[in-house]
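Engineer: In terms of this note's numbering, the sequence shown opens at residue 1 and continues consecutively.
Incorrect hints may have been included.
[What the hints assert, rightly or not] No farther apart than 20 Å at their CA atoms in a straight line, the calculated lysine to any residue pairs in the SDA-like style are these:
{"#": "1", "residue 1": "K160", "residue 2": "Y173"}
{"#": "2", "residue 1": "K160", "residue 2": "E5"}
{"#": "3", "residue 1": "K237", "residue 2": "I269"}
{"#": "4", "residue 1": "K223", "residue 2": "K160"}
{"#": "5", "residue 1": "K372", "residue 2": "R334"}
{"#": "6", "residue 1": "K223", "residue 2": "G315"}
[Said to hold, decoys possible] Label pairs and their computed distance ranges (CB to CB):
{"#": "7", "residue 1": "E61", "residue 2": "R8", "range": "17 to 25 Å"}
{"#": "8", "residue 1": "V358", "residue 2": "P77", "range": "32 to 40 Å"}
{"#": "9", "residue 1": "S276", "residue 2": "G96", "range": "28 to 36 Å"}
{"#": "10", "residue 1": "D113", "residue 2": "A388", "range": "33 to 41 Å"}
{"#": "11", "residue 1": "P340", "residue 2": "A116", "range": "29 to 37 Å"}
{"#": "12", "residue 1": "G57", "residue 2": "R343", "range": "42 to 50 Å"}
Read the hints as simulated data drawn from the structure, not as lab findings.
Backbone N, C-alpha and C define an ideal beta-carbon position, used for all residues, glycine too.
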Amino acid sequence: MEQNERERGVLQYIDDHRDELFGMLLRLLAVPSENRRAQGDELACAEAVRGMYLELGLETELYFPDDYVRDHPEFLPGRGTDKRPNVGGVLRGSEGARSVMLAAHTDTMPVGDPSAWTRNPLGEVAGGRIYGRGSGDDKCGIAAGAFLLRAFRRLGIRLKQNVVLSAYCDEEYGGGNGSIASCVKYPCDMYINLDGGNGGREVWTCAVGGQVLRIEVHARAPKDTAAPVLEGLWAAKREVERFGRRRDAELNAHPFYAEFRKANTITRILSFRCGSEGVDLSRGFLDFVFYTVSERAAIEAELKQMEDSLRAELGGMGLDVSFYPRSRCFDYIRADENDPSIRLLLQCASEVEGREVVAAGACLSDYFLYYKFGSPVSVTWGVFRDFALPGGAHQPDEYVEADALLNHAKALALFLLRWCGVEEGSRTETCENKL
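Please take these sequences and the hints and turn them into a complete structure.
Structural biologist: Right, here's the structure in full:
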C-alpha cells in the first residue's frame, strides 16, 4: 500500500525522535521489576509507567489484578497479584466504536549472577543496542506504545477509534493474572501483545500449549547418601525424554512448529537437584517445561500415566514420586491469520521491514489468555532475541537492536493510523508545546 502524506510524516517523526523512544525504554530499565513467582517487584516500575501515561493525558489507572479476577476460572492463586499492579491508559477516539489494546508486561526475569553481565542490567546503550534486563522482554513494548501516543499528540493527530495501553504484571514463570485482568477491565476488539521474538520479523498468530512441572523424588527412610534419590531422578529424566520425543513428533507435524527453534527446545529440563552438601540427601527434584499442540485433557492423561509408571518403578527402590505444577497450564490456540485486522498488521510490518513479515507460532506466553479472554483477533508481536541466543530474552547482557525497535514502532504507527482511522482536520505538524 502506498503511504499517504500523513503516514510519511509520522514515520519521519519517529526517525527524528528515535532518541526519545530509546530514552523512554532506558527510563523503564532503570527501575528493577524482577519476578519471583509468589511475589514480584513490579510496583515501582508500574508507578513509572503510570507517570508516563499521565504525561500523555491518558485515562490512567493503576490497579491490582486480584480485584478483577479472583473469581475467574483461570485465576492462579499464590502469585501475590493483590500487591503487584497493572497500569492501564486509554486514549479515546473521536468515534470510539472499536478498541485495540497494546499490551506489554512490566515484570522481568531475575538478573541472575551479576558477574555474567558485561553491560549494565539497568540499562546501557552501545553499538546500536539497548542492553538491560527486560530490554527485549518486555519493556520495549511499553516504551513503544507510550512513544507512539506521544507522537500522535505532538503531531496533532486524533484517532477515530480507542487505543488502550496495558502494562501488566506477572507474565514470567507462567503467571497470567495480570493479562486476564487487563482483558476483564478493558474489553477490546483486538489485542496486540507486544511480547514476541525474532526481531519483529514474525507476527505470532498461534501459541503452543504447555506447562512447567516439577517431579519430586524422596526416599521413604533417611539416607546418608544422595545416590538412591539420584537413581530415581535419572529414571524420571528418562520418562521426561520419552514424553519429549512424543512432543517433538507432534509439533514437527504442525506447519508453524516444524523443526521449531531446532532441537532440545520443545521439552527442556530446567533444574536437576539432589542433596545439598551432606544435607537433604533423601529428597531431590527435576523441573521441566514442555510445548504441545494437544488438548489439555489429553496431555493431563499422558502425564498421569507417566506419574503412575514412575511410582510403580520407584516404589521398588523405596522411593516416592510426586508431580507439581510450577506454572499455569497453557492452552494451544490458533488465530485466523486471514482476519482483516491481522492481515493489516502483517502488511504494515512488511512495509516497514522491506520484506515479508510472516505469521508464525509463539512459544509459551500470555498470548493464549488474550485470545481466550480478550478476543480471537489477537496476536503476539515483539522484537526480543531468541532465548537460546547470546543477549536473548532471559540471558545475561539481554539486549534489543535499536533499529529493530525503531521499525517496530513505525509498523505499529502505520497500523494504528489505518486501523483506527484519523479524524478529518488532524494535522501532521510538530506541536512541541503539547507535551
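Engineer: Taking the hints in turn, state whether each one holds.
Structural biologist: Structure-based check of all given hints:
{"no.": "1", "hint": "K160 to Y173", "result": "violated, 37 Å"}
{"no.": "2", "hint": "K160 to E5", "result": "holds, 18 Å"}
{"no.": "3", "hint": "K237 to I269", "result": "holds, 8 Å"}
{"no.": "4", "hint": "K223 to K160", "result": "violated, 70 Å"}
{"no.": "5", "hint": "K372 to R334", "result": "holds, 10 Å"}
{"no.": "6", "hint": "K223 to G315", "result": "holds, 16 Å"}
{"no.": "7", "hint": "E61 to R8: 17 to 25 Å", "result": "violated, 35 Å"}
{"no.": "8", "hint": "V358 to P77: 32 to 40 Å", "result": "holds, 38 Å"}
{"no.": "9", "hint": "S276 to G96: 28 to 36 Å", "result": "violated, 59 Å"}
{"no.": "10", "hint": "D113 to A388: 33 to 41 Å", "result": "violated, 18 Å"}
{"no.": "11", "hint": "P340 to A116: 29 to 37 Å", "result": "violated, 45 Å"}
{"no.": "12", "hint": "G57 to R343: 42 to 50 Å", "result": "violated, 32 Å"}
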